[in-house]
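J.: Next come the chains, spelled out residue by residue.
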Amino acid sequence: MSSLLQSISRAAFALLPTLPYATAEKAGCGGLAVKAHHLSACARVDGPIAFRGASFEIPCGCRTALIGPNGSGKSTLLRVLAGLTPVLAGEVEVAGEKPRLGRRRIAYLAQRPHLTEHFPLRLRRLVQMGTYAHHGWFEECFHGDKAVDLALSQMGLTDLAERPVHTLSGGQLQRGLIARAIVQGAELLLLDEPYAALDQASREIIDRFLFDQDRAFTVVMATHDPADLGRFDRILEMRGGTIHTSHACEGHDHRHA
Amino acid sequence: MTTAMLELIREPLGEAFFVRALLAVALSSLTCACLGAYVVLRRMAFVSTALTHSILPGVIGALLLGVSPYLGALIAALLTAAGAAWLASRKGTSEDSAVGVMLSVMFAGGIALMQYANSWRDFAGLLFGSVVSVGTSDLIVIGATTLIVLLGLRLLHKELELASFDEEYASLLGARPALMRVVLLGLVALGAVSCVRLVGALLTTALFVIPAATGVLLGRTVAQVMGWGVACALGGGIAGLYLSYYLPAVPSGAGIVLCCAAPYLAARIFAPRR
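If you're matching them up, the sequences are chains A and B in order. Note that the working numbering has the first sequence beginning at 96, numbered continuously upward. Note that the working numbering has the second sequence beginning at 2, numbered continuously upward.
Just so you know, the hints here were simulated from the structure itself, not pulled from any lab data. For clarity, every value in this text was computed on a predicted model and none was experimentally measured. Wrong hints could be hidden among the right ones.
To be verified - Have a look at the derived ranges for each label pair, beta carbon to beta carbon:
#1 A/Lys121 <-> B/Leu65: 57 to 63 Å
#2 A/Arg207 <-> B/Leu65: 50 to 56 Å
#3 A/Arg139 <-> B/Leu65: 45 to 51 Å
#4 B/Ser90 <-> A/Ile144: 41 to 47 Å
#5 B/Ala118 <-> A/Arg195: 50 to 56 Å
#6 A/Thr113 <-> B/Glu8: 52 to 58 Å
#7 B/Gly236 <-> A/His261: 23 to 29 Å
Stated by the list, open to error - Dumping the calculated SDA-like pairs for lysine to any residue here, alpha-carbon to alpha-carbon at most 25 Å:
#8 A/Lys193 <-> A/His339
#9 B/Lys159 <-> A/Cys236
#10 B/Lys159 <-> B/Gly175
#11 A/Lys121 <-> B/His158
#12 A/Lys241 <-> B/Thr222
#13 B/Lys92 <-> A/His213
#14 A/Lys193 <-> B/Glu168
#15 A/Lys241 <-> B/Leu180
#16 B/Lys159 <-> A/Leu110
#17 A/Lys241 <-> B/Lys159
#18 B/Lys159 <-> A/Arg200
#19 A/Lys193 <-> B/His158
#20 B/Lys159 <-> A/Glu282
#21 B/Lys159 <-> A/His339
#22 B/Lys159 <-> A/Arg258
#23 B/Lys159 <-> A/Gly163
Said to hold, decoys possible - Here chain B is said to cover these stretches of chain A; the calculated rule only asks that three of the stretch's residues, wherever they fall, bring their Cβ under 8 Å from a Cβ of chain B:
#24 173-179
#25 281-290
Think of the CB as a built atom: it goes at the ideal place given N, C-alpha and C, for glycine as much as any other residue.
Based on the sequences and whatever the hints tell you, model everything.
T.: Following this line, the structure appears as structure tokens:
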């Protein structure tokens, strides 16, 4: 019975065409990962305006900190760039295109990811979901195991690979989600306070990856931690509903720009 | 002793209607337990209850109009799903209450139609299931449904799993979690329609929920949840059929549900804590 079903499903997979989840992206971004001009957005439909008239640029490869008090619009800006929240007014280009869903070159990590509780899923599978970005409908996803192993070891999770996701600690889960973004091969990482409630060990593992100068991706990270702003190439400060300063911080040696 | 027990098991197999019912139970268990995994994991138990209960007016309406009861049931179930989605699309009505409204309205409509069509005899069978009534054409419908549901779950496995676990990441990848929800609701409607003959409109929801709830206690991946669920539904279904064969006063639906509850209870008590 099961082998019959298996051969039927294999035949169906073979018959059906592989459809990509979304239209493909343009290659290259013209040196700018993000280019915003007089950008405004709301956190929720019909909600108050989170920020208005924001104009800034983020060059490719730049590690960027997004700072500002609670409610200043950091999360909304990141969600706009990810394509999850609509643009209210103004222009914005992310990796050479208007923000939209279905972009494999962009990874977004929410401050509190809404994962279904007690879902029966092993950590390895969670990380493997990053490879779905390179597959479409009606396609089996057997390969990519090597990339999954590599990402797991980069995040120090090799020993936990077979653990159910709901038994992981907050820091382990956060590292798992970053491993998923690594597997996805994203060129732009949008991270919303990834260090919130993380212990020193998890933090260092994530740091070592994000600030590895050999890696060519761009990072935009909302953060509340003033202590380590020096490591960023660029700081955007959100205050009073808009972006006030947008400067390369001291010691910036233009190695990414 | 053993020969006497074997005889107890073999005796009903001589009856053609019992063999048909057995086949129908096996196919329905497969459908409902696999679909049920997603129903339980996504906390859609209430929606599935609404879909199964709304079959009642569909079947009676179809009988009054003289069309296929399966067609009526499917239309009623899809109507319920669409109606609940429409009601919940306005601010102020939560999805929960929208489903509650559709459930009670459809069921009340079914009861009204039932009184209107009181010349028809097999009300108890419609509500609680009846083994005797499973015919060859029913088997064909159930088999086709099983094939469609299993194929759908298989082909969309990675998208369904992703959308059920992390909806936001699914939409970030463009994997359409809202569409996956609609597909699941459609498959649940199909599955419910196919087992109404066996378990009845009131109890079909139990076939979605109880085996999968057992599976969730024992399985560590979605596939394992489905596997344990199928085992529970198959065991419970077959035992239930025998129960209602030897105790004709027990409708098949009630027997099947009671026998499915036993492995759930066992798993609840003995499954290792995770």
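J.: Compare the structure with the hints numbered earlier in the document and write down the numbers of the violated ones, lowest to highest.
T.: Structure breaks hints 4, 11, 13, 15, 19, 21, 23 and 25.
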